[in-house]
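> These are the residues of each chain, in order.
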Amino acid sequence: MALITVKDLALGYESRTIAENLNFKVEAGDYLCIVGENGSGKTTLMKTLLELKAPMSGEVIRGEGLKANEVGYLPQQTVVQRDFPASVQEIVLSGCQSRCGLRPFYNKEEKEIAQKNMERMGISDLAGRCYRELSGGQQQRVLLARALCATRKILLLDEPVSGLDPNATIGMYRLIKELNEEGITIIMISHDVSAALRYASHILHVGNDLFFGTKEQFLKSEIGKSILITEDNDK
Amino acid sequence: MIDKLFLYLQYPFVRYAVIVGVLIALCSSLLGVTLVLKRFSFIGDGLSHVAFGAMAIATVVNVSNNMLLVLPITIGSAILLLRTGQNTKIKGDAAIAMISVASLAFGYLLMNIFSTSSNLSGDVCSTLFGSTSILTLSKQEVWLCIALSVMVLLIFVLFYNKIFAITFDETFSKAAGIRTNAYNLLIATVIAVIIVLAMNLVGSLLISALVIFPALSSMKLYKNFKSVTVCSAIISVICALAGLLISILAGTPVGSTIVAADVAMFAICCVAEKVMGARA
Numbered sequence: 043m044a045l046i047t048v049k050d051l052a053l054g055y056e057s058r059t060i061a062e063n064l065n066f067k068v069e070a071g072d073y074l075c076i077v078g079e080n081g082s083g084k085t086t087l088m089k090t091l092l093e094l095k096a097p098m099s100g101e102v103i104r105g106e107g108l109k110a111n112e113v114g115y116l117p118q119q120t121v122v123q124r125d126f127p128a129s130v131q132e133i134v135l136s137g138c139q140s141r142c143g144l145r146p147f148y149n150k151e152e153k154e155i156a157q158k159n160m161e162r163m164g165i166s167d168l169a170g171r172c173y174r175e176l177s178g179g180q181q182q183r184v185l186l187a188r189a190l191c192a193t194r195k196i197l198l199l200d201e202p203v204s205g206l207d208p209n210a211t212i213g214m215y216r217l218i219k220e221l222n223e224e225g226i227t228i229i230m231i232s233h234d235v236s237a238a239l240r241y242a243s244h245i246l247h248v249g250n251d252l253f254f255g256t257k258e259q260f261l262k263s264e265i266g267k268s269i270l271i272t273e274d275n276d277k
Numbered sequence: 357m358i359d360k361l362f363l364y365l366q367y368p369f370v371r372y373a374v375i376v377g378v379l380i381a382l383c384s385s386l387l388g389v390t391l392v393l394k395r396f397s398f399i400g401d402g403l404s405h406v407a408f409g410a411m412a413i414a415t416v417v418n419v420s421n422n423m424l425l426v427l428p429i430t431i432g433s434a435i436l437l438l439r440t441g442q443n444t445k446i447k448g449d450a451a452i453a454m455i456s457v458a459s460l461a462f463g464y465l466l467m468n469i470f471s472t473s474s475n476l477s478g479d480v481c482s483t484l485f486g487s488t489s490i491l492t493l494s495k496q497e498v499w500l501c502i503a504l505s506v507m508v509l510l511i512f513v514l515f516y517n518k519i520f521a522i523t524f525d526e527t528f529s530k531a532a533g534i535r536t537n538a539y540n541l542l543i544a545t546v547i548a549v550i551i552v553l554a555m556n557l558v559g560s561l562l563i564s565a566l567v568i569f570p571a572l573s574s575m576k577l578y579k580n581f582k583s584v585t586v587c588s589a590i591i592s593v594i595c596a597l598a599g600l601l602i603s604i605l606a607g608t609p610v611g612s613t614i615v616a617a618d619v620a621m622f623a624i625c626c627v628a629e630k631v632m633g634a635r636a
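Same order as they appear, the protein sequences are chains A and B. Heads up, this note's numbering is the position in the first sequence plus 42, with the first residue counted as 1. Heads up, this note's numbering is the position in the second sequence plus 356, with the first residue counted as 1.
Hints were generated in silico from the structure; no laboratory data involved. Don't take every hint at face value.
[Unchecked claim] Capping the alpha-carbon separation at 30 Å, the derived lysine-lysine pairs in DSSO-like fashion look like this:
| id | chain 1 | residue 1 | chain 2 | residue 2 |
| --- | --- | --- | --- | --- |
| 1 | B | K630 | A | K153 |
| 2 | A | K95 | A | K257 |
| 3 | A | K153 | B | K394 |
| 4 | B | K579 | A | K95 |
| 5 | B | K576 | B | K495 |
| 6 | A | K195 | B | K576 |
| 7 | B | K582 | A | K158 |
| 8 | A | K95 | B | K530 |
| 9 | A | K95 | A | K109 |
| 10 | A | K49 | B | K530 |
| 11 | B | K630 | A | K158 |
| 12 | A | K109 | B | K394 |
| 13 | A | K150 | B | K630 |
| 14 | B | K394 | A | K219 |
| 15 | B | K582 | A | K257 |
| 16 | B | K530 | A | K195 |
| 17 | A | K109 | B | K630 |
| 18 | B | K582 | A | K67 |
| 19 | A | K67 | B | K630 |
| 20 | B | K579 | A | K109 |
| 21 | B | K630 | B | K582 |
| 22 | A | K67 | A | K257 |
| 23 | B | K579 | A | K153 |
| 24 | A | K109 | A | K153 |
| 25 | B | K530 | A | K153 |
[Claimed, not checked] Restraint ranges, calculated between C-beta atoms of paired labels, are given here:
| id | chain 1 | residue 1 | chain 2 | residue 2 | range |
| --- | --- | --- | --- | --- | --- |
| 26 | A | K95 | B | L436 | 20 to 28 Å |
| 27 | B | A606 | A | G178 | 29 to 37 Å |
| 28 | B | I502 | A | G107 | 16 to 24 Å |
| 29 | A | G100 | B | V417 | 51 to 59 Å |
| 30 | B | N537 | A | K219 | 34 to 42 Å |
| 31 | A | L144 | B | P428 | 24 to 32 Å |
| 32 | B | R371 | A | G178 | 50 to 58 Å |
Since we're looking at a predicted model, the values are computed, not measured. By construction, the Cβ of each residue, glycine as well, lies at the ideal position given by its N, Cα and C atoms.
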């Protein structure tokens with residue numbers, strides 16, 4: 043049984059359909075990249091996978107005992123967060139909230155998890171710093187550490203490198219790859235097809251041309267070829 | 357001057373005013389940080405106008421205890437406003453403006469048509485600006501206020517971590533399986549309770565000041581959520597006390613004096629931020 047199985051999924055708002063006939067499976071340990079044009083429904087798909095939004099039709103099946111509170115999510119940054127007065131530690135710790143249930147305060151174990159994930163992301167020296175004073179790359183690491191507090195199994199990332207400088211972008215991709223090698227399943231939305239091809243094991247293309255398969259299959263497919271040719275021409 | 361102060365403090369109504377004033381300042385500042393960060397600074401203004409409209413209805417239909425009508429109506433509007441946060445046709449700020457202006461207009465209209473008092477503009481003025489109502493509190497009202505404040509404090513402390521998480525990133529919390537809607541409902545209810553309480557102190561027009569000034573001041577000084585919250589509570593209590601004492605001594609209107617103290621504190625914090633920034 044796959045970690046996530048998507049069957050005949052249709053996405054949209056109110057009566058307008060954005061994407062339909064989505065069928066794919068995510069196995070444990072996969073690195074899936076979701077690519078596609080703007081407005082093709084990438085973020086909507088992710089929100090549906092997270093159960094934040096109900097599908098218009100079709101279904102998302104979670105297997106292998108994957109519970110709602112075992113999913114780590116790295117959303118796109120919001121305006122509110124950009125000038126939020128909070129320390130790195132407070133933010134990372136808030137990733138543990140789903141473990142608390144109705145318990146009002148964090149316990150020792152949760153504080154250790156937060157500490158461990160900060161070390162994993164190489165930001166433990168920033169613990170007391172204010173979030174809004176960090177660089178874009180550091181902020182993303184903080185949010186990634188928070189997402190890791192919420193999960194051991196699967197991470198959903200919504201354009202984790204948008205707005206980062208080239209160095210930070212490479213650092214971020216490496217970090218995600220490392221996490222994947224440690225056994226965490228990755229589902230990532232990306233604009234950057236070449237990076238997707240470098241790191242991912244599977245590609246899902248949404249939009250007018252639907253495609254799902256491994257990276258190798260994508261490279262041989264019509265849609266894959268046409269995208270790569272346009273990219274080459276741009277260079 | 358000190359003698360004069362002690363003389364006044366011997367009167368129970370002055371002591372009541374001080375107790376209620378400090379409690380309200382404390383409660384309103386706690387959620388102020390959340391509201392400012394969630395871009396809901398104006399909800400205080402909007403809800404207080406709703407409470408004003410409800411008060412007018414209560415006066416007209418002659419309910420024995422105003423609170424019975426004002427509190428549910430205000431809570432209802434708060435839920436409506438905070439719920440409409442995202443994905444709606446009318447955006448948050450427009451919705452607040454709409455509800456606020458409409459209830460202000462209807463409140464005044466009702467009071468005008470079914471006027472029972474000879475001094476209508478005086479009544480309106482005191483509901484809007486607070487005036488003397490804080491000095492005419494009964495023992496019952498003081499206890500009610502204490503009880504509600506304790507409740508607000510308890511809720512805030514118990515749900516502090518959840519409130520932080522939801523304020524910082526609602527989508528993430530929701531994805532992690534937190535029932536954000538329930539917590540938003542809770543926040544809305546608490547805000548409504550605070551606003552109805554605060555109407556007695558500063559009147560409906562100045563409530564926004566009580567909610568946002570301490571939060572903004574402490575955000576100038578501190579950079580993590582806990583310190584900001586604690587500091588804004590302290591600033592708010594200090595300003596409320598200072599404002600109350602000054603207004604007792606100088607005979608100025610209570611609400612406006614407290615807000616003036618808040619503004620002064622904000623100015624001080626701005627300067628302090630500049631000084632600390634220059635040193636760092």
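> Starting from K576/B, check that the Cα of K495/B is at most 30 Å away, please.
38 Å, violated
> Is 29 to 37 Å respected by the C-beta to C-beta distance linking A606/B and G178/A?
Hint violated: Cβ distance 51 Å, outside 29 to 37 Å.
> Could you grab the alpha-carbon distance between K153/A and K394/B and see if it respects the 30 Å cut-off?
Given pair K153/A, K394/B holds - Cα atoms ~26 Å apart, limit 30 Å.
> Do I502/B and G107/A keep their Cβ atoms within the hinted range of 16 to 24 Å?
For G107/A against I502/B, whose Cβ atoms are near 49 Å apart, the range 16 to 24 Å is violated.
> Would the hint linking K582/B and K257/A be met if the CA-CA limit is 30 Å?
46 Å, violated
> Given the hint that K630/B pairs with K153/A, does the C-alpha gap stay at or below 30 Å?
Not satisfied, since the Cα-Cα distance of roughly 34 Å exceeds 30 Å.
> Below or equal to 30 Å on CA atoms is what counts here, so check K630/B against K582/B.
22 Å, holds
> Given the hinted pair K67/A and K257/A, is their alpha-carbon gap at most 30 Å?
Since the Cα atoms of K67/A and K257/A sit roughly 14 Å apart, the hinted pair holds (cutoff 30 Å).
> Between K630/B and K158/A, does the CA-CA distance stay at or below 30 Å?
With a Cα-Cα distance of about 36 Å, the restraint between K630/B and K158/A is violated, given a limit of 30 Å.
> Check the hint pairing K95/A with K257/A against an upper bound of 30 Å on the C-alpha distance.
Satisfied, since the Cα-Cα distance of roughly 28 Å is no more than 30 Å.
> So if I understand the rule, the pair passes when the alpha-carbon distance is 30 Å or less; does K95/A with K109/A pass?
16 Å, holds
> Tell me if the straight-line CA distance from K582/B to K158/A falls inside 30 Å.
22 Å, holds
Comparing the model with each earlier hint shows violations of hints 1, 4, 5, 6, 11, 13, 14, 15, 17, 18, 19, 20, 27 and 28; every other hint is respected.
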